[in-house]
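Line by line, the protein sequences are chains A and B. Numbering of the first sequence is given in full-length UniProt numbering, commencing with residue 1 and proceeding in unit increments. Numbering of the second sequence is given in full-length UniProt numbering, commencing with residue 1 and proceeding in unit increments.
Certain hints may be false.
Claimed, not checked - Which bits of chain B does chain A cover? Going by a derived footprint, with three or more residues having C-beta under 8 Å, they are:
1. 56 to 62
2. 121 to 134
3. 260 to 268
As the list claims (entries may be wrong) - Here are the computed lysine to any residue pairs in the SDA-like style, where the Cα-Cα straight-line distance is at most 20 Å:
4. A:Lys35 with A:Asp23
5. A:Lys73 with A:Ile156
6. A:Lys35 with A:Glu45
7. A:Lys136 with B:Arg198
8. A:Lys106 with B:Arg9
9. B:Lys80 with A:Leu141
10. A:Lys106 with A:Met58
11. B:Lys299 with B:Arg9
12. A:Lys136 with B:Ala35
13. B:Lys80 with A:Lys106
14. A:Lys136 with B:Ile191
15. A:Lys148 with B:Lys80
16. A:Lys136 with B:Gly199
17. A:Lys35 with A:Gly118
18. A:Lys148 with B:Ser49
19. A:Lys148 with B:Leu192
20. A:Lys148 with B:Ala189
21. A:Lys148 with A:Pro115
22. A:Lys148 with B:Ala35
23. A:Lys87 with A:Lys136
24. A:Lys99 with A:Asp23
25. B:Lys80 with A:Thr123
26. A:Lys106 with A:Thr51
27. B:Lys299 with B:Ala35
28. A:Lys99 with A:His139
Think of the hints as simulated: they come from the structure by calculation, not from any bench. Backbone N, C-alpha and C fix where the C-beta goes; we use that ideal spot for every residue, glycine too.
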Amino acid sequence: MNDEASPVKGLLISPIRSGTVIDHITAGEALNVLKILGITGSTTESLSVATNVASHRMEKKDIVKIENRELRKEEVDRIALIAPQAKINIIREYLVVEKKGVEIPKILRGVVRCPNPGCITNTNEPVESTFEVLEKGLHCLYCDWWIKTDIAGHII
Amino acid sequence: MTNHIISIRDYTRRDIDYLLERAGEFDTRTYDRHALEEKLLALLFFEPSTRTRMSFETAMARLGGKSISVDSVEASSIVKGETLADTIRVVSGYADAIVLRHPKEGAARLASEFATVPVINAGDGAGQHPSQTLLDLYTIRQSMPIDGINVGMLGDLRYGRTAHSLAYALSLYGATIHTIAPGGLELPANILHELRERGMEVIQHDDVSDIVAELDVLYVTRIQRERFPDSASYYNVASSYRITPDLLEDVQEHLMVLHPLPRAGEIDSGVDGLPYARYFEQSRNGVPVRMALLHEVMK
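Start from the sequences, fold in the hints, and give me the full structure.
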């Protein structure tokens, strides 16, 4: 094979020593995953993000690696809203010590904003938005509104 | 049944039937007039109200209890920036139950989380108004079984919380709803969808005269000026429907015309003398229904 024509072999993102690798994220949702996890430009995590990576199972997928942070169960489950096939790998000393799928939570608190401008959760009251997660969408437990499409667009 | 009364969606048919039975007992004038003698009710009304507020006060007084009240945002610590949550925590320390009217949807649900006494939702924005629904059902049940009736809902079905609550309740009784709303004020798609999922037949009409002859109940609601973003959009729809004696010429003998009141021209005063007009009786029924609710949460 001609060397000039062959792709460069190697890892797209370097392995991490300790932390979390979120694999098999629905292609294009990596940035929303970061949003759900509260990771912004001003937070200090060391991150690697790969988008639209070739995947046998999903054709294309996104990957997020977060160093020195092991995700909690409730954080992981929120990811299921936008990436139901995501797999979470907890890494310690370069070894995968735990591998788990995501599970859609029954109740979401403080994750998505209610689209109803008249909802009490959109005021300065000391409550978090609270949605029950049902097959047909997210149901606001305060004002009864529904989010059925573009869930990622409503993430706080 | 919880000790809070927040949304009609929280109730089963059995719960509702129980409360309607209890209301019937308080309508006989043979009830214990001292039942709530030691109790104090706080009425927090952050939106204007005449009937709901006065009927709760009347109900409390008829059971021997006392009431304290706030009747506007301007007269409350809300103008100082106090949250509803704090107001509720404070008032919980004063009263044995709280009746709350608030412009934000979900306010009563929030209040129930911070209150240490029962909260009764007396209307939250365009959301829910469960005690109104109970008195609507109570009024219907005085004349006919609720099961399987044809109910016309006319008016502002988008912002009309009384229509929303009543529709949910009627879905427990196999009723059919015929909606007639001006453009832009139709029943919200989410509610429509949920009612149909509950197995309810909801049929949309353009003109009330197309369906009035088949109705058992015609539930008329006001175009709510206060819910409109501007006057122009209000005036566009404000005069688009009106119930007159002529319209009711060929209706079923037992038709009930109901209205949560106040009316703002949508029912001609000529209808008031017809046997179909039941809205003042409906308003009066607020007292026994609210007596039943107060007794239930504070007994």
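> A:Lys148 and A:Pro115: Cα distance at most 20 Å?
Replying inline: 11 Å, holds
>> Given the hinted pair B:Lys80 and A:Lys106, is their Cα-Cα distance within 20 Å?
In response: 37 Å, violated
> Can the restraint linking A:Lys136 and B:Ala35 be considered satisfied, given a maximum Cα separation of 20 Å?
Replying inline: 46 Å, violated
> Does the alpha-carbon distance linking A:Lys87 and A:Lys136 stay inside the 20 Å limit?
Replying inline: It is violated: about 24 Å lies between the C-alpha atoms, which goes past 20 Å.
> Given the hinted pair A:Lys136 and B:Gly199, is their alpha-carbon gap at most 20 Å?
Replying inline: Roughly 16 Å separates the two Cα atoms, so the pair holds.
> Hey, A:Lys35 versus A:Gly118, does the alpha-carbon distance stay inside 20 Å?
Replying inline: Judged against 20 Å, a Cα distance of about 25 Å means the pair is violated.
> Are the Cα positions of A:Lys99 and A:His139 separated by 20 Å at most?
Replying inline: Answer violated: A:Lys99 to A:His139 is near 30 Å, above 20 Å.
> Okay, the region 121 to 134 of chain B and chain A, do three or more residues pass the C-beta test at under 8 Å?
Replying inline: n = 5 at 8 Å, threshold three: holds.
> Taken at face value, is the distance from the CA of A:Asp23 to the CA of A:Lys35 at most 20 Å?
Replying inline: 16 Å, holds
> Regarding the pair A:Lys136 and B:Arg198, is the alpha-carbon distance no greater than 20 Å?
Replying inline: Holds, at roughly 14 Å.
> Counting residues of the region 56 to 62 of chain B that have a beta-carbon nearer than 8 Å to any beta-carbon of chain A, does the count reach 3?
Replying inline: violated (count 0)
> When you check the alpha-carbon spacing of A:Lys136 and B:Ile191, does it fall within 20 Å?
Replying inline: 13 Å, holds
Violated hints for the displayed structure, listed by number in ascending order: 1, 3, 9, 10, 11, 12, 13, 15, 17, 18, 22, 23, 26 and 28.
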